[in-house]
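Trainee: Residue numbers (the numbering used here), protein chains in the order written: chain A, 1 to 525; chain B, 1 to 160.
Hints were generated in silico from the structure; no laboratory data involved. Please read all numbers here as calculations on a predicted model, not as lab measurements. One thing to keep in mind: the hints can contain errors.
[Claimed, not checked] Distance windows between CB atoms, simulated:
{"id": "1", "chain 1": "B", "residue 1": "Arg82", "chain 2": "A", "residue 2": "Glu289", "range": "41 to 47 Å"}
{"id": "2", "chain 1": "B", "residue 1": "Gly124", "chain 2": "A", "residue 2": "Asn432", "range": "23 to 29 Å"}
{"id": "3", "chain 1": "A", "residue 1": "Thr197", "chain 2": "B", "residue 2": "Val98", "range": "42 to 48 Å"}
In this text, a Cβ means the ideal position worked out from N, Cα and C, and glycines have one as well.
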Amino acid sequence: MLLENIAAGFGLMMDPALWAVILMAGVYGLFIGSIPGLTATMATALLVPFAFFLDPLPAIAAIVTMSAVAIFAGDLPGALVRMPGTPASAAYVEDAYRLTQAGKGGLVLGVGMICSAIGGLIGVAALMFGAPLLAEVALRFTSFEYFWVSVLGLSAAVIISRGSQVKGSIALLIGLVLSMVGIDITLGAPRFTFGSTDLLSGIDFIPAMIGLFGFSEILRNVTGTQLAAAAGKLDMTRFFRNALSTIWRYKRHIPRGGAIGTGIGMLPGAGADIAAWVAYASTKNTSKEGHRFGKGEGHIEPIVAASSTNNAGLASAYVPTLVFGIPGDTITAILIGVLYMKGMQPGSQIFVEQPDLVYAVYLTFLVANLLLLPLAYIAIRSSGLLLRIPRNVLMSIIFVFCVVGAYAIRNNTFDIWVMLAMGLLGFAMERNGFPVAPVVLGIVLGPIVERSFMQSVIATNWDLLRFFTRPISAILLVMTVFIWALPLIQPLLARLWRRRRGLPEDGETPVEQQAGDDARGDGAG
Amino acid sequence: MRNQLARHPREAVAGLITLALGAALVQYARGLPEMPGGYPGPGLFPTIVGVLFCVFGLGLIVQAATGRVAPMDAEAVDHGERWRSIANVVVIVAAVPVYVVLSGYLGFVMTMALIAFGIMVHLGVRLVLALPIAALVAPAVSYVFGTVLRVPLPRGPFGW
């Protein structure tokens with residue numbers, strides 16, 4: 001049975017058009033990821049109008065490959081000009097840049113590239129073995145359990161993020177309100193439509209994403225300061241040998257980083273960028289040389305850990321996506337939106353009905369993480385060139401894609417206005433330190449929370465106790481409570497850990513470490 | 001406490017807006033129909049979200065008042081740069097309605113080429129670069145979306 005499915009998955013992969021899509025998506029991810037200020041989430045939002053016209057497998061493959069490559073490519077400008085290409089690289093940008101200044105840029109990127117691939121493969125392994133197991137459980141889910149899983153996702157989106165949790169919560173609520181626009185699911189009453197027929201079918205997801213992550217990024221880029229730091233030089237002699245010997249020296253961080261990435265990635269709502277911060281902080285807390293991280297010449301140790309972590313998180317974010325239809329991060333949130341629009345319902349049923357598709361998705365991940373190596377090597381060699389692309393030219397091209405992409409899904413001018421409004425909303429939020437990522441999770445999870453809640457209470461005639469007494473519900477409830485308690489217990493845990501290891505107690509606590517200096521934490525980078 | 005509020009006016013204003021939004025949501029939700037038997041229906045979730053809006057809006061105000069405001073990214077510094085930033089935002093935002101109106105007459109290719117060119121020139125891209133890029137990007141995008149993906153892009157007087 002298993003072998004049959006794998007074979008069927010391979011069969012689906014034998015399509016040359018699919019490989020062309022994968023390769024093109026990889027190059028695209030490399031390009032967007034390596035440009036500071038353009039995130040992997042934005043790349044996904046701009047890719048969606050194309051993905052929408054593809055079959056499900058190539059659409060998923062394109063997004064998977066693009067994001068895996070983009071997360072590594074984010075290391076490039078981090079090392080060269082001290083600007084993370086994607087938020088997932090932000091955790092270790094200081095060390096990467098300082099090492100490059102000290103003439104070790106080749107080493108930084110070599111380590112980043114190989115660790116990214118290894119981390120990605122760890123994440124894929126977690127996906128391949130974890131998802132089917134969880135799917136078994138998920139098949140027994142009723143609307144009560146779906147309610148709790150989506151509440152868990154909403155909670156994780158706010159609590160396990162950086163920056164102000166109050167602002168993160170407000171961002172999430174904005175997303176929930178946007179998700180309520182249109183016909184209500186219980187009585188069919190129009191909500192927040194204000195007499196507009198265009199709004200009856202709700203705010204279309206794709207134009208909203210293009211606005212929030214594409215258009216707002218243009219506005220942010222034309223108002224921000226230009227690149228200030230001078231680009232460091234790369235020394236490429238003995239590139240692979242140096243990288244491999246360094247990784248070997250700090251090899252213990254790879255499984256740990258992979259585990260952190262996998263764990264956080266699997267949580268609905270929390271993604272690669274926050275996983276990288278947690279891995280950085282935990283490496284700092286446990287390393288004897290932790291006090292040297294981010295200072296002086298920088299240190300390669302946290303880069304080994306965190307760059308394997310973010311790619312692991314990226315892959316394992318597909319566990320809740322495939323199993324429950326609940327997004328693991330912003331990229332998978334967009335993907336779920338696309339699948340819904342194509343009439344596909346992600347969730348445990350696809351493991352029963354389309355196991356070949358599931359296996360093909362696993363294989364795509366393997367391919368993407370292996371393809372990462374040659375693509376990354378080419379990018380590192382030509383990184384000087386990538387950084388010299390005039391940003392203002394790029395912004396006007398992205399503008400064209402935002403307008404066309406918003407229009408293309410329903411051939412509707414109204415969607416262009418939606419895109420503009422969401423772009424302004426995203427821009428205003430970012431300017432005031434509100435993260436944008438929770439908005440998309442709110443939009444995707446809102447209807448799931450409401451539908452599963454209303455279904456449950458209507459079926460049981462408002463017996464609310466059932467939300468707590470069903471065994472799986474109770475477990476999910478405990479997990480949700482644990483997540484809410486995390487900000488309180490986590491500093492305590494960190495202090496205990498340091499005391500036990502006999503390390504000085506000056507280390508900051510993981511999640512809050514640099515809270516605020518990068519409030520635009522972006523679910524997945 | 002008043003000093004703190006004055007030091008973080010943005011935070012306090014954001015809190016007030018959030019609070020007002022919450023109140024408006026709750027009010028709006030009261031106008032939505034109920035389920036038969038008097039059970040809450042379409043209004044339930046808007047009410048919950050509205051109440052939470054109020055709670056977190058108050059939270060923002062309290063944080064601003066007690067000075068517990070998370071530091072934010074340093075923004076554009078000198079005054080000249082600030083006006084430049086505002087002008088850039090206005091140009092990019094205005095380009096959207098300009099596209100919607102003009103594309104009805106000129107069609108997609110010409111309108112987009114003009115707008116892309118205009119944005120680039122405004123942002124300081126040299127003419128020798130802006131002109132060919134605008135002339136290339138618009139037809140290329142039109143080909144991909146209009147021809148390959150069969151999106152009915154607005155047509156101009158020459159059929160494109």
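Trainee: Now tell me, hint by hint, if it's right for this structure.
Mentor: Against the structure, the hints come out as follows:
Here the CB-CB span from B:Arg82 to A:Glu289 is close to 42 Å, well matched to the stated 41 to 47 Å. The given range of 23 to 29 Å is respected by B:Gly124 and A:Asn432, whose C-beta atoms sit roughly 27 Å from each other. Take A:Thr197 and B:Val98: their Cβ atoms lie about 25 Å apart, and the range 42 to 48 Å is violated.
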